[in-house]
Amino acid sequence: MRLIAIYLTGLIFGVGISISGMANPAKVLNFFDIAGTWDPSLAFVMGGALVVTFIGYKLVFGRTAPIFDKQFHLPAKRSIDAPLVGGSALFGVGWGIAGFCPGGALPALGTGVTDVFIFTGALIVGLFLARGLQTLSTARKNATA
Amino acid sequence: MVTEFTPWMSLAGGALIGLAAVSLMWIAGRVFGATGILSGLTNPASRQDFTWRLVLLAGMVTGPAVVYLLSGQFPAVDVPVSTTMLIVGGLIVGVGVSYGGGCTSGHGVCGMARLSPRSIVATLTFMATTFVTVFVIRHVIGV
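One line per chain: the protein sequences are D and E, in this order.
Position one of the first sequence corresponds to residue 0 (numbering that gives the first Met the number 0), numbered consecutively onward.
Position one of the second sequence corresponds to residue 0 (numbering that gives the first Met the number 0), numbered consecutively onward.
By construction, these hints were calculated from the structure, which means they are not laboratory data.
It is possible that some hints are incorrect.
[Said to hold, decoys possible] One-sided and incomplete, this derived list gives chain E residues near chain D with beta-carbon spacing under 10 Å:
1. Phe49
2. Leu56
3. Gly95
4. Gly105
5. Thr124
Only a predicted model underlies this, so the values are computations on that prediction, with no experimental measurement involved.
Even glycine gets a Cβ: it sits at the ideal position worked out from N, Cα and C.
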């Protein structure tokens, strides 16, 4: 029951991404190209998503717990640090180069377009690369401490 | 490449994305972030942790097929950049979202809706650098 509900949730997201235009790099990049072939559609995606999530979260957090779990799993981190800002800045650079973000690319895999698989492959390599770098810097920190 | 302005479809799609975010929090108490889902799949804490993310991903990937069944058309995926740019961009996105702890879905939708200061800073930062990157590529370098 829990997994069926989770599957349907993923499906709603996938349909939303598909019809919104977030799976289409040409459209995504045009949102950021005010000086060129500007397409403001993405503002409507963000607006629609934010209004629904803002109101829906208020209702959900009124409950003591989720349906199939004992507690809500919310990020514990509070500090605004260099990895957050630097990582986000880097993400924007990559998004601007490729036109895909992770949430747009994953549902787009379902179209079978080869370019989506190429981007997603590189994205996964990037995740492992970051994990390696983080392990390395932790090890170095521990060695000097 | 010119794309058609689609305010209603984009608004409806955005609302569905929001509905999915709310649903996952309601069902499983989890943030709907594509970065978290992928990180969890490539480095799972436990088998259970892996399973729900895989099922969620399966739902996401079947989205275009459902759109096809309803409308007779797969959603457009027009890639106006080279394969090299896709690979370089993908690598940078992967490293960036790992350090930043999220992307457009996790920070931009879920975190912003919770008014999380971290997510607001992250979203403003990546929106700004994406604008600058697209400007530089299209109007300074002129690709």
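Hint check:
no., hint, in the structure
1, Phe49, "12 Å, violated"
2, Leu56, "6 Å, holds"
3, Gly95, "3 Å, holds"
4, Gly105, "8 Å, holds"
5, Thr124, "4 Å, holds"
Figure legend: structure checked against the earlier numbered hints; the only hint not met is number 1.
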